[in-house]
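Trainee: Chain by chain, the residues:
Protein chains: 2
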Amino acid sequence: MSRAVRLFLLEKKLDFSLKTERFFDKRDEFLELNPLGVTPVFIDFGDVVLSDGIAILQYLEEVYPSNFLGNTPIERAEIRRIIGWFHDAFNYDVAQPLIFEKVYKRFLKQGYPDPDIVRSVKSDLHYHMHYIGFLSEQRGCLAGPQLTMADFVVASYVSIIDFLGSIFWDQFESAKLWYMRLKSRPSFRHLLADQLPGMTPPNHYQQLDF
Amino acid sequence: MSRAVRLFLLEKKLDFSLKTERFFDKRDEFLELNPLGVTPVFIDFGDVVLSDGIAILQYLEEVYPSNFLGNTPIERAEIRRIIGWFHDAFNYDVAQPLIFEKVYKRFLKQGYPDPDIVRSVKSDLHYHMHYIGFLSEQRGCLAGPQLTMADFVVASYVSIIDFLGSIFWDQFESAKLWYMRLKSRPSFRHLLADQLPGMTPPNHYQQLDF
Numbered sequence: 008m009s010r011a012v013r014l015f016l017l018e019k020k021l022d023f024s025l026k027t028e029r030f031f032d033k034r035d036e037f038l039e040l041n042p043l044g045v046t047p048v049f050i051d052f053g054d055v056v057l058s059d060g061i062a063i064l065q066y067l068e069e070v071y072p073s074n075f076l077g078n079t080p081i082e083r084a085e086i087r088r089i090i091g092w093f094h095d096a097f098n099y100d101v102a103q104p105l106i107f108e109k110v111y112k113r114f115l116k117q118g119y120p121d122p123d124i125v126r127s128v129k130s131d132l133h134y135h136m137h138y139i140g141f142l143s144e145q146r147g148c149l150a151g152p153q154l155t156m157a158d159f160v161v162a163s164y165v166s167i168i169d170f171l172g173s174i175f176w177d178q179f180e181s182a183k184l185w186y187m188r189l190k191s192r193p194s195f196r197h198l199l200a201d202q203l204p205g206m207t208p209p210n211h212y213q214q215l216d217f
Numbered sequence: 008m009s010r011a012v013r014l015f016l017l018e019k020k021l022d023f024s025l026k027t028e029r030f031f032d033k034r035d036e037f038l039e040l041n042p043l044g045v046t047p048v049f050i051d052f053g054d055v056v057l058s059d060g061i062a063i064l065q066y067l068e069e070v071y072p073s074n075f076l077g078n079t080p081i082e083r084a085e086i087r088r089i090i091g092w093f094h095d096a097f098n099y100d101v102a103q104p105l106i107f108e109k110v111y112k113r114f115l116k117q118g119y120p121d122p123d124i125v126r127s128v129k130s131d132l133h134y135h136m137h138y139i140g141f142l143s144e145q146r147g148c149l150a151g152p153q154l155t156m157a158d159f160v161v162a163s164y165v166s167i168i169d170f171l172g173s174i175f176w177d178q179f180e181s182a183k184l185w186y187m188r189l190k191s192r193p194s195f196r197h198l199l200a201d202q203l204p205g206m207t208p209p210n211h212y213q214q215l216d217f
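Protein sequence lines correspond, in order, to chains X and R. Sequential numbering of the first sequence, starting at 8, is according to this note's numbering. Sequential numbering of the second sequence, starting at 8, is according to this note's numbering.
Please note that the accuracy of each hint is not assured.
Stated by the list, open to error - Computed list of lysine-lysine pairs in DSS-like fashion (alpha-carbon distance at most 25 Å, straight line):
hint : chain 1 : residue 1 : chain 2 : residue 2
1    : X       : K33       : R       : K183
2    : X       : K129      : X       : K109
3    : R       : K33       : R       : K20
4    : X       : K129      : R       : K33
5    : R       : K109      : R       : K20
6    : R       : K129      : R       : K116
Because the hints were derived from the structure by calculation, they are not lab data.
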């Protein structure tokens, strides 16, 4: 969710600086900011300290509005449903196991990705990518005709999986058209410039036309 | 989250009827209501179909307001942070593994709870219960002096674990005082009357003074 918060800050043209936190080190100073010990943590004007990505996004939308959370309770419920879907199911089925297999195992020197897990993740990923394609084809964006918080959250999750080289875009034409639109936004280019030491994203990762 | 939605409907004195869904059967008619195939699903006036517990709660608070979501963006962010904590961490560390070990295994005839998993859950549960105690002691309720959506969501999760007989309340005096207040609300008594075929909650489960 740190990526989604950054996208939102950039979309809203707010000034901010980033600090890297190796949250698994469980530094006392960090646990004081968020006792749960996970990123993102957001500090507004030096005194408002917020954690939980979804809470931060909604705070930003309330304090610095840009119409990313719908106009009616039903629209907001649909945006939140899609965010919940990806924050819960996509994260659990795809993002967490893949990040563990492909990133943590490497950094923690725990061996190679388990092919059985990678295969099962691929089948779940397929399902979620088709759902993205279905929604965006029907509606234009995920929750309706306009970009909302849902698009930014989902695109953040997708960008991580794409960084890991696990999305074969020619299988997902509709999702690809949607993701191209997100990628072409200036806010997104900042994310795509991120690097992880020792890991190289696939060639298409930063390309707007891929 | 179905329990939290029911609490909210009762707190708001809204008429509703319950339908049991064996979501693991993946009925087509149910997947049409929520393609993710999980409960809760909420139908308002026969045509508005909503899913995702957190989305439903916020919809209810927007359409039938009762001041359960704070008065300022900072208050709302804190309420959402606590909900996120329990929906993510408590659910993942405690509720899901315990429900699997103690309920699903029994219904699916997959043997007895794994003592190693039950032990590790117990240690995580300890940590979360102390956090509930810490917050409610400092503030009165979890997010501040007044009851909010956070209290109802957290109490719903706690009630499930308590049904399974896994909370030893004499270890958690502050959390117990908080939970007693929740339990004494008329809305809560409906939840506590729930039964699961073949399972009996501990004696204290329905008692207001336990």
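Trainee: Now tell me if each hint is right for this structure.
Mentor: Consistency of the hints with the structure:
{"no.": "1", "hint": "X/K33 - R/K183", "result": "violated, 29 Å"}
{"no.": "2", "hint": "X/K129 - X/K109", "result": "holds, 13 Å"}
{"no.": "3", "hint": "R/K33 - R/K20", "result": "violated, 31 Å"}
{"no.": "4", "hint": "X/K129 - R/K33", "result": "holds, 21 Å"}
{"no.": "5", "hint": "R/K109 - R/K20", "result": "violated, 33 Å"}
{"no.": "6", "hint": "R/K129 - R/K116", "result": "holds, 23 Å"}
Against the hints set out earlier in the document, violations occur for numbers 1, 3 and 5.
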